[in-house]
Every structure is written in structure tokens, then in C-alpha cells.
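Residue numbers (the working numbering), protein chains in the order written: chain A, 239 to 458; chain B, 93 to 350.
Misleading hints may appear alongside valid ones.
From the structure, some residues in chain A lie toward chain B, with a derived Cβ separation under 8 angstroms [unchecked claim]:
id : residue
1  : A361
2  : Q363
3  : M367
Footprint (simulated), chain A over chain B, 3 or more residues, beta carbon under 8 angstroms [said to hold, decoys possible]:
id : segment
4  : 155 to 162
5  : 255 to 264
6  : 328 to 335
In case anyone wonders, no lab produced these hints; they're calculated from the structure.
Idealized CB from N, CA, C, for every residue including glycine.
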Amino acid sequence: MPYTWRFDVVWDYRAVFERGAIVTAELTGGALLGLVLGLVLGMAKGSRLPILRIPATVYVEFFRSTPTLVQLVWIYYSLPILTGLQLSGILAVMVGLGLNAAAYFAEIFRAGIASIDRGQMYAAQSIGMRYSQAMRRIILPQAIRRMVPPFMNEVANLIKLTTLASVLAVAELLHESQNLITNTFRPLEVYTTLAITFAAIIFPIIYLSRRLEYAWGAHS
Amino acid sequence: MMAEAMIRVVDLHKRYGTHEVLRGIDLEIHGGEVLVVVGPSGSGKSTLLRCLNFLEEYDRGDIWFDGALVGYRTLANGRRVRERESTLAALRARIGMVFQNFNLFPHKTVLENVIEGPTIVQRKSLAEARDLALELLGKVGLTQKAGVYPSTLSGGQQQRAAIARALAMRPEAMLFDEPTSALDPELVGEVLDVMKKLATEGMTMVVVTHEMGFAREVADRVVMMDDGVVVESASPAEIFTRPSHPRTAAFLGKVLHG
Numbered sequence: 239m240p241y242t243w244r245f246d247v248v249w250d251y252r253a254v255f256e257r258g259a260i261v262t263a264e265l266t267g268g269a270l271l272g273l274v275l276g277l278v279l280g281m282a283k284g285s286r287l288p289i290l291r292i293p294a295t296v297y298v299e300f301f302r303s304t305p306t307l308v309q310l311v312w313i314y315y316s317l318p319i320l321t322g323l324q325l326s327g328i329l330a331v332m333v334g335l336g337l338n339a340a341a342y343f344a345e346i347f348r349a350g351i352a353s354i355d356r357g358q359m360y361a362a363q364s365i366g367m368r369y370s371q372a373m374r375r376i377i378l379p380q381a382i383r384r385m386v387p388p389f390m391n392e393v394a395n396l397i398k399l400t401t402l403a404s405v406l407a408v409a410e411l412l413h414e415s416q417n418l419i420t421n422t423f424r425p426l427e428v429y430t431t432l433a434i435t436f437a438a439i440i441f442p443i444i445y446l447s448r449r450l451e452y453a454w455g456a457h458s
Numbered sequence: 093m094m095a096e097a098m099i100r101v102v103d104l105h106k107r108y109g110t111h112e113v114l115r116g117i118d119l120e121i122h123g124g125e126v127l128v129v130v131g132p133s134g135s136g137k138s139t140l141l142r143c144l145n146f147l148e149e150y151d152r153g154d155i156w157f158d159g160a161l162v163g164y165r166t167l168a169n170g171r172r173v174r175e176r177e178s179t180l181a182a183l184r185a186r187i188g189m190v191f192q193n194f195n196l197f198p199h200k201t202v203l204e205n206v207i208e209g210p211t212i213v214q215r216k217s218l219a220e221a222r223d224l225a226l227e228l229l230g231k232v233g234l235t236q237k238a239g240v241y242p243s244t245l246s247g248g249q250q251q252r253a254a255i256a257r258a259l260a261m262r263p264e265a266m267l268f269d270e271p272t273s274a275l276d277p278e279l280v281g282e283v284l285d286v287m288k289k290l291a292t293e294g295m296t297m298v299v300v301t302h303e304m305g306f307a308r309e310v311a312d313r314v315v316m317m318d319d320g321v322v323v324e325s326a327s328p329a330e331i332f333t334r335p336s337h338p339r340t341a342a343f344l345g346k347v348l349h350g
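For reference, chain A alone in the conformation it holds in the complex:
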């Protein structure tokens, strides 16, 4: 007997996807706070001083080499045992993904800064700029343009990683979808819709990245 697709069932529950998408967006937004930590880590990792470079490297490699799912579960279940600090599911995911994303952002920042020719720093310093001024006004504006494509890539990954929040019973898209499946017995339609919803969120980001790259390609 051929399978009959019933997307009309999913359509009836479209509010569930809207609700889930909002939670997914919140999780992503929270995790993007990892950007600040990533910038600090990235500068530290590129530093000449071992006291900055080594801890930053350990941090980055630890988060890159352990499963993100385990990191989230650990923050949610182990942190309260060790410190008495019990985060809500949604906060645990924001913190966990933020710390995780910071490791990847750090690498993007470090590589972006390292890709700028040394002569730019020399030139900036030769007209009397301090290191921090040269970084802010000369190096970073150029490096950021090169960081945009890998950064957008990482944001797209981050959005998809928010689905891991479902294991902590956070009502993001995947969790909402799974609930819906138990109600409707329509896993194929629900998962297909879930995929389309993610594509609808992520594709505009990738498109924007392309446009930025194109616009900035003009004079650099």
C-alpha cells in the first residue's frame, strides 16, 4: 500500500513549530554571547605570552574534542552536584553552547587576525599607534571581513546544535516535533517540516554572508 503524505495534519499544528522556532532562536541568541569569550580566547591563543596562550589553547582543544551533547548533559546534571548551582534547562543549553561555540569562534578570530600581513601592524605602529589602537582600527576591520564566511558557517552549525537541547527537555524545535509525533503518529511529515523550518532559518544567514563577502570584495 503506498504511503499517503498528510502535511495537512502538520499544518493544523503550525503553532507548535512557531513556538519551537522562537525557543531555538532564543537558545542561539544566548549562545552567541560566546562570541565575546571567543574573541578574548582568540587573542589569547594568538599571543606571544605562554601564560595567555596555553590556557586558551587547552580550553579550545578541550571543547573541540569532546561531544557537545556530553558537555550540555554535564552542565545540567553535574554542575549542581559539584557546586549546588542548578541551571534551568534553557539556561544550561545557552551556557553550554556558548562555551562550546566560544572555542570555535576563538579559532576563527585567531586565524582571521593571523591572516593579516605583519606589515599592517608595522605600518600602524610606525605612525605612532599603540598596539590596541592598531588592532582596533587597522587589523580587526580587515580581519573581520575574512572571518565572516567561517563565522556564518559556525552560526549555522550552532543553530542546528540547539536541537541537542531536546535531551534536557527544552521545548525547542526538535523537542516540540517529537511531542507532536506522539500525538499525530506522523513522523515523516513532522521531521520533513522540521528540516524545512531549519532551512528557512539558516538559508537567509548563508545568503547574507555571501552578499557581505561580495560587497566587501570590492576593495580588499
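Here the structure of chain A is known, so what remains is to put chain B in place on it, guided by the hints.
Coordinates of chain B only, in the frame set by chain A:
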């Protein structure tokens, strides 16, 4: 007795790992003097130049600029420590530098490149910095190019813009690190012309170059470096007609006659 030198280098040493790039350099540059440094590649010329404004740290010896030690301060116990960043920056602001690869800021227009130092470092008003920048761009023949990005310029134009950027700080001395080596041959002249004009105006200049014509015509003194030491220092007339050191003779023979 002669006046105190503007830049005085005493027994300067610098190593990268195990490779000793500078092995005891002594040098004096007086105000208004044009010193041309020549020598084979790898002889330490560029490293010496970058030590003068402390873009590179040096390991041993002294560099004095206008009576003050460059880059380090001496503690009560006689140990040397690196100067604070603000002090280093203030020193570098007084010494202009022009690089082999121009190193213009590609995300800024020519005018923005030139006003960057005056507005950000010297905190001049935008109007004042603009007036100065346009005057200097006029001087290097780039008035028409003020609003464009460096990538649209020829190499010669980029280097002239870089000279204007350095001059905008009203430096007391200018360092030129092989300013024409990255240029197509037909563009070399326009950059050298600007440098000659500066020399006639009395700018103190230290120029690392392979342009022997420039050295002969403009230099007050030519210094020949080889393998991290100064092998000879003389007037251009002397060094080009009767070099006293065989290594100078060999080097000049090669660059002058191919």
C-alpha cells in the same frame, strides 16, 4: 666638536634564535643628513632599520634618538626592561617609516590613510588633518587620488601615498626600507623624485636601497653592510670611486655592472 647626533647606534646586536642578524653596529646620523645603507640581501639592513623605531627589539647595545634610549628603560639595579607601549608609540610618532610593500591600509581611502595618524594619534581636528593631508598629497602628486582605495593605484602611486602618510605625522626623521624594490622599473623614478625633494628640504633620512644612482646623487654618506656588520662608511664619491674594503668593491661591482 660636531653637534650631537640625532640617532646614535652603539654596538647593536640582534639575533633570531641562533642566527645573529646584527653583530655590533655603530652608526651616527645627524639632523638633516641623508644616510644610504647598501649591502647584499640578508646583511641585516632592514632589521637595523626596524630596530631604529623599535618595530623590532634588539638584544644588546644602545640606540639613542634625540638623547633618549630607544625601546628600553634602565631600572635602578641596572637591568633593562621594555618601555611602556605609550612611550614606544610616542617615539615612533616622531620617526616616519616607508616600507618595501607600501603597507597602506587597504580598507581606507588614500586620504583616510594619510589622516589616520594625525587624527587618531595626534588628535588633530578632522579639518586640520584634511588640510595637511591634501597639502602632502599635492606634494607627492596624488591630489586626484585622495578619495580612492589603495588597490586601485599603481605601485608607484601607492608608495607615494605611503610617504605622504608618514609625512603627515611631521616626523623628525624618515626611514625608508627598500622603498622601490617592489616597483616595476618604470615606476621607480617617481618615488625617488619625491625622496630627493624631501632630502633637499633637509629631512633626516635613513634609506636602505639598491638604487645606486640615488645613493650617488642624494646621500651625504653611504654605509655598506655585510653579514650583520658595517664594513665601510664613506661619502658616495669615495665609496663609488675607490671603495676601501674588498667586500664593498665586490658588491658594488655586482650591482653597478650586473
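Right, here's what the structure says about each hint:
no.: 1; hint: A361; in the structure: 4 angstroms, holds
no.: 2; hint: Q363; in the structure: 6 angstroms, holds
no.: 3; hint: M367; in the structure: 6 angstroms, holds
no.: 4; hint: 155 to 162; in the structure: violated (count 0)
no.: 5; hint: 255 to 264; in the structure: holds (count 4)
no.: 6; hint: 328 to 335; in the structure: violated (count 0)
Checked against the numbered hints above, the structure violates hints 4, 6; every other hint is satisfied.
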